[in-house]
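Could you slot chain F onto chain X? The hints should help.
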Amino acid sequence: MSNETQPTADPALLGRLKEKAAWVWRETLKIHGVAPETRVASSLSPVEILTALYYGGLLRFDPRNPRWEGRDRLIASKGHGCVSIYPILADVGFIAHEELATVCKTGSRLGGIPDANIPGIETTNGSLGHGLGVACGMALALKQKRSDAFVYVVMGDGELCEGSVWEAVMFAGQQRLDNLVLIADCNGVAMLDFCRNIINLDPLDRKLREFHWDAVTVDGHDIAAVHQALSNCRRAGATRPQAIVARTIKGRGVPQLENNSLCHVKTLNQEQIAAAIGGQP
Amino acid sequence: MNPPASMTMRDAFLGRLYAALKEGERVFLVTDDFGAPTLDKIRTEFKDRFVNVGIAEQNAVNVATGLALEGFTAYAYGIAGFMAMRCYEQIRTNLSMAAQLRPLNVNIIGVGAGFSYDVSGPSHHCLEDITLMRLLPNMELFSPGDWVTASRVAERSLRVNKPKYIRLDSKPVPQIYPEDMAVTLDDGFHELEQGADTCVVATGFMTQVARRALAQTNAPIGLVDLFSFSPLNEERLAGVLKRYRRIVTVEEGFIRRGGLDALIVGLLARRGAAIPVRALGVDDRFIYDVGNRAHLHKLAGMGEENILQAITAPSA
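Protein chains in written order, with the numbering used here: chain X, 1 to 281; chain F, 282 to 597.
Just to be clear, a hint being listed does not mean it is correct.
[Said to hold, decoys possible] Straight-line distance between alpha carbons at most 30 Å, and here's what the computed DSS-like set of lysine-lysine pairs gives:
1) 143(X) / 443(F)
2) 443(F) / 145(X)
3) 452(F) / 328(F)
4) 328(F) / 143(X)
Please keep in mind that the hints were generated in silico from the structure rather than gathered at the bench. Predicted model only: the values in this text are computed from it and were never measured.
Chain X with its partners taken away, still in its complex shape (with noise of 0.2 Å):
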C-alpha cells in the first residue's frame, strides 16, 4: 500500500467505481461467452485498474475526438489480457455497444487482442514487451512538448520476462520520466506456470526502485487503493517514473480459474459464464 498521503476517493466516488468493476466485470465475461478465442482469466485480473483509470477522473481523454493532443496515453502493452477494456470504451464512447457482441467475429475491428485500428487504443498490442518502450518515447515526447498528458503502461508480470521491458525500465529511470506510470497487473499466473516458478522477481517494488523509480504495491482488486495509488502517481513534486504493482487474481471470481496454473488458456463454458455471473466477483 503507497506509504503517500493523498486524499482517498470520496465515499460515492468509490461507490461508483465498485458498481462499475463489478459491471466490467461481467462485461467481460459476457464477451467471452461470445468469444472463446479471448484470454478470460487474464482479462479479468486488470478490471479494477482499469476501472479506476477511466472512471476515477484519473485518465484525460475525448471519445469524440480519440487523438486529442491533451489525452493521457494508455497503453495496453498485455493486449490479450486487456479484452476488459472494450466494455470501457463502448461505456464511454469510444466505439458502440452492440460491438461488444461482435468481438472475434467476422468483420468485427474488435479482435481477440485490442489494437490501435481500435478508437481509443493505441498501440498494436499482442507482441509483449513492446508497451513502455514506447511509452518512454511518448513521455520524452511530451515532455519536450512542454505537455501535462501522462502515459500510462498495463502490462502483465508474465510480461516482466521480456528483455526489452528491462531496457525500458532503466531508460525511464535513466531520464526520470515522471509523466510515465507502469501498472503491473501482476496476477502470478503466465501460460505454463506460477511466475514464481518460472522467473521469481519479487520484490518487484524494490527491483524497480533499485532502477530509480517510485514504486509501490497495493491489492489490485481493492478499488480505493488502486485509486490512491494512481492518485499519488499525478501528485506535486515527483520526479521519477512511477510505478504501481497490482497484487492481483488471474480469472479472479471464476472458481475455474482462480488458484489454477494454466488458467490462462482455460475456456469457460455457457453454463460456467452463466454461473459466474450469478455470483459476484
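Relative to the frame of chain X, chain F by itself:
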C-alpha cells in the same frame, strides 16, 4: 581534374540532420551508444534531441516509435546488423504494422552495411538486412552507393512520413553523383552506364566495386545503381533491363535469399522477360576468415575480378 571527394555516408546523412535541427525541425536522434564525429556536434548543441538509450537496440526502436507517434521525426542510429536484427520484431510490430494505421516517421539508420566492418568478423558483417526489410510492408528501404545519395535520403527522411531502413557504409566512399544530382529517389535506381548485351545491377558499396571493375574493360557493359528497394519504379527498371541479354547482380548480402537478385529475377519473371540473371554475393555461409574487404569479396566470389569474369564469360 580533382579526384572525386570521399566522405562517409553517415557524416553526409547526419550533417543534413544537424542542419535540420538548426532549421528548427522536430527531430530526435536516438542512438544505441554508437557515435560519429557529426553526431558529437548534435549531442553537444542539441542535448534535448539526442537520446542515448545505451546498448539496447530494442529500446532504441521502441523509444523512437513513441517519439514519432507524438509527431517527431525520429532516427534510431546504430550498427546495421544489430539495428536490423536485434530489434526486428520491434520494427515489424511498431513500425511496419503501425504505419499502416497512422503516419509514423521513424528512420532506422544502420551503419556498416555488408562487409563494412571487414575485420570484425561475421557478427559485424551484415548480409541479411536487405532481405529482411524487403519483407516488411509499409517500409522504405534505401541502400545508397555514395554520400551524395545518402544525403538525398536524409533529405527525404525529413519529409516522407513513413518508417524507413537506411543501410549506410561505414567507410569513406568516393562520390558517384554530382552534388546537384538530378536523379529522383522515387525511381529507386539510376542507369550509370548504358551498355550493349550485359548489364550489372549493383547496390550500396558494390556499385563502387562494379564501377571499378567496369573501368577495367572496354566492353560496353551497362551499370544500374539500385539505391532504393522501396520506393522503386519497377516498370521503369524492367524497361531498362529488357534492353539487355544478360544481367549480373552484385550485392554484399546472401544471394538466392530474397535480396537484390530475387528482386531482379522476380520483376523480370513477372513480365515474362527470359533474361538470364547471374547473382554475385555471399552464398549460403558466413565468412570467418580474417581479411580486408577486397579479400572477403574474393572469398565470396564477388570482387572486381569476379564481376569482370561474370560479365565477359558466357552465362553460368
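Cross-check of the supplied hints:
{"no.": "1", "hint": "143(X) / 443(F)", "in the structure": "holds (23 Å)"}
{"no.": "2", "hint": "443(F) / 145(X)", "in the structure": "holds (21 Å)"}
{"no.": "3", "hint": "452(F) / 328(F)", "in the structure": "holds (27 Å)"}
{"no.": "4", "hint": "328(F) / 143(X)", "in the structure": "holds (14 Å)"}
In this structure, every one of the numbered hints holds.
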